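*Asks:* Given next are the chains, with one letter for each unit.
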Amino acid sequence: MSDKKAKYQEVAYYPGCALEGGGHAYNRSTKALGKKLGLKLKEVDNWNCCGAMEVKNIDPKLQTYLSSRVMSIAANKMGMDTVMAPCNGCYHNLKKAEYDLANDPKSVDVVDKISKKAGHDTYQAGQVETIHALDWIKEAIGEDGLKERVRNSLKDVKIANYYGCMYTRPRHIFPEKDQGPGSESTSKPHFMDDLLEAAGAQNVDFPLKTACCGGAHTLSDSDTSTRLVANILQAAEAAGAEVIATECPTCHSGLEMHQIRAAEKLGLQSNVKIIYFTQLLGLALGMKPKAVGLHENISDSFAYVKEKGLA
Amino acid sequence: MPIHEKSLIRPENLHVQENKEVDGVDVSGHWSTFIETRVVKDYNEDLQAEIEALPGGDYIHRCWQCGSCTNACTVHALNPDFNPRYWIYLIRMGMESELLRDKDIIWQCVSCNKCTYACPRDVVPEAVMKATAHWLELKGHTPKSHSTIFDEVFSEQVIETGKIEDGRVVRRFFKRTGQKFPPSWMITMVKNLFSNLPVGMLTRMGLANFIKPRTSGWSNARDAIREYVAEQETHHRQALGLDDLVKAAQKEL
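If you read the protein sequences in the order shown, they are chains A and B. Heads up: the first sequence is residues 1 to 311, going by this note's numbering. Heads up: the second sequence is residues 1 to 253, going by this note's numbering.
Pulled out of the complex, with its shape left as it was, chain B reads as follows (with noise of 0.2 Å):
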């Protein structure tokens, strides 16, 4: 399946005349398509470093543009826009602003893997990806997506007990997000599953609300991940350059 490729000339750099005659002959039409040059002026030549020093950056410099990811991309088959060659290569040429004119959608990867099954060069786009969102959301080009506050809500709650339970994962996420909980397909759902349900049943899954899962003797082990989230995340700070970024704001203010 041909991909039909994004490329570095903005839409609205063509230009197409539909009724076009140069000395009698008729030009019209997409074959004398105009492209207004454009010069590119701001690289950021640390872009690629930045990313690959986040979780799953690691492998971007492989990368060799064939374009296996794309071909293979769920979202990308929703979404012609969403284009892990394209952003691959942005970031290895360092054109950030290219990349931020695809910010709001980069988040959406649903981790489905297929691209890391097709790649030849072990990239794992997938994890590009991952790292790509909070690249943005760290530089604050983009607020926190939905995807990230779930991430957070889940991963909080997995370092705090060593457990999660559904229940309180969802109720926490619609709250930080500020929707509305129920929606009313969820309450459609919980609906069909109490026709059935035998009373035991929903005992014990009112209790999971109050008596909170836990893995026994947890406390050592969620000592030890927060030390190390606090280290990775003191060492993506410097790698991005997140101080300096906030001492020069505060110097402008």
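The following block holds chain A by itself, in its conformation from the complex (with noise of 0.2 Å):
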């Protein structure tokens, strides 16, 4: 067993707010298919928000301070080294947050005096490390797993593997990325691709993996929001997909949204699903549509899934 296959076994889980809320179906799933796989999570005690996109824009050493706190109670009241994080947008801050408290000697500074007000030991570090649901699944069982696991294979599936902005970008925080075979790429990321495959799926070349959805002006700019998410289900479409699979609880509701804005405001009408890839995958191991939350989604696929004789 390697290293990071033994480590991942048992990791810290940090949902976010977003997976309490209307990501909950992708919370719902990670952790199914967790359980299913033999894998433990330990939900972090008493977390907070790791400040998403908003809070760095009214300050960035105060997110930094957000997501130091969850690693900080990871670390130091769990004894945990993993915290695993499915929210591309929480994985980015922690990751950032760990970033900069190794460069950065202000934010330093900052995290450790609202820390010591706060009441709770400063992060330091290199504590914990923290990896996507992507990293969790692909290491801790790899393709060679899920192949022996899978009970309804995906065969007729075609899908999309849409990433967005937050899993790679910007590339320095990401150091264990673009290390050559077998790390994740930041320009064509594969981790989702690769674990598809292996439950069967058929990926189609889909140029926009790391593309914008406007997730960030949702609601604040909703129609340049439209436009791009219009470019990616169209862009799915052209490629022969029938399905996106997501990894992001923002990107999964701005595209089922903003699928709808586009059908409403720009008159564009597109089919194609919008399915996270817990979800595809607690279905190929056999779990039932409702126990991946797929009735939590908006984009109804009930009709899809049966159709594929995965339900």
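Calculated from the structure, these hints are not laboratory results. What you are looking at is a predicted structure, and each value in this text was computed from that prediction instead of being measured. Heads up, the beta-carbon is just placed ideally off N, CA and C, and yes, glycines get one too. Careful: at least some of the hints might be erroneous.
[Claimed, not checked] Chain B is faced by these chain A residues, among others (derived, beta-carbon under 10 Å):
{"hint": "1", "residue": "Gly23"}
{"hint": "2", "residue": "Leu62"}
{"hint": "3", "residue": "Ala118"}
{"hint": "4", "residue": "Ser222"}
{"hint": "5", "residue": "Ile260"}
{"hint": "6", "residue": "Glu264"}
{"hint": "7", "residue": "Lys265"}
{"hint": "8", "residue": "Leu294"}
[What the hints assert, rightly or not] Partial list, derived from the structure: chain B residues whose beta carbon lies under 10 Å from chain A:
{"hint": "9", "residue": "Leu14"}
{"hint": "10", "residue": "Asp151"}
{"hint": "11", "residue": "Phe174"}
{"hint": "12", "residue": "Asn196"}
{"hint": "13", "residue": "Arg222"}
Since each chain comes alone in its own frame, lean on the hints to assemble the complex.
*Replies:* See the structure below:
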């Protein structure tokens, strides 16, 4: 068993606010998938919001503090060495806090000052490793492990894998990426492609894997977001995809919401289904649609899943 | 991909003559374009220092104008007037009046970080866009954008309780921006959602309106954060000379 494989069998789980709200389907399916695969998730005690996309616009160091508190609890209170965050925003922010605390003395000062006043240990860079749900499944189970466990192959499912912005950009906060074979690529990410392919899916050649869905302005500049999402939906359909697989609650709800809005405002109808990769993997492992929270998606894919023999 | 670059030449100062003949030679059209000269006199020599003092503006001095940011920009592809390279140039030159010509679109940056990814000098153009948008608002050149209002509503709730609940943020945002709630597409969205949702989930969502999700024992962190934010605000007011601006305005009145 490789080091990472052993390490990721039990990780601290940081769901974040989105997974308790609009992205609950992702929360449900991630937990269910972990259980099915025999991986242990220990939810971070009394966690707080990482600051999402918004707090950094008020003050980036404040966001660094918010993210550092989560890592501090995982390391100092729970004694964990790995935090798994399925949400791209949380994952990005924890990674960014890690980078800033290792490289920017001013951020360290601010975080230390607030942490002391708040009454918890200051997080020290390097105490925990933050990973995404994709890293978690990829390392702890791997493609071979998935292939052994597949009950309902996703064989006729044509998928466009959509990773969004926060999973790969900016490059410098992800030192483990772009490290050659076996590592994730920041320009052409492939972990989700690999996992879904192992579950039998046909991945289409999708050029907009890391395009922006306009998630930051989904309500404050909805027309821009709608145009960006319409691009993604149309490109996916043009590439022959029936499903867009997502790994971020903001991208996911952005795509769902602006799919409706694009039809209403721009007259652009699209039939592509929007499903979390954890839901697709869960279905492939033989779980029921409701067990992976398919009913909590806005984009209704029950009929599609049934047609493909996955329900 | 070449960028159709924006320059300091204003479109209204470009003169192209449709039909022009000089000494029997036809000089009609684009190649005989005449540019009306103008003199720029009103520099704000502190512009770069002011933006640098705001969160995100820290590394603007590193820029060497390669244009990678604009080339990579998501919003530039939708609107060619959205041009981070040009704005960074204006800020570093102190050309405030030119910058103000684009004041209504600078806030539209979607934070996709493609510019930050492409930048060879680690300027973090994404953060510079945010700092510039805040500078415009703090100086009173533009009212608070919807984006800023959303950031504020969101951050207030995080600072208050340690966590957010989507529904409350959205409702507060619509209220504070004076928009009709809910918009029609949101009704369609909620209808789609409710067609499949079980009762338990609906109850849980409804309860979130009354029982705010919160991090327990958050009050110390909240106080420490508020103290820090207040310190920073004072610092920004000083850096931008806002108190002097207010005094000067009061004198005039």
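*Asks:* Let me make sure I understand: some of the numbered hints might not hold for this structure. Which ones are they, in numerical order?
*Replies:* 9
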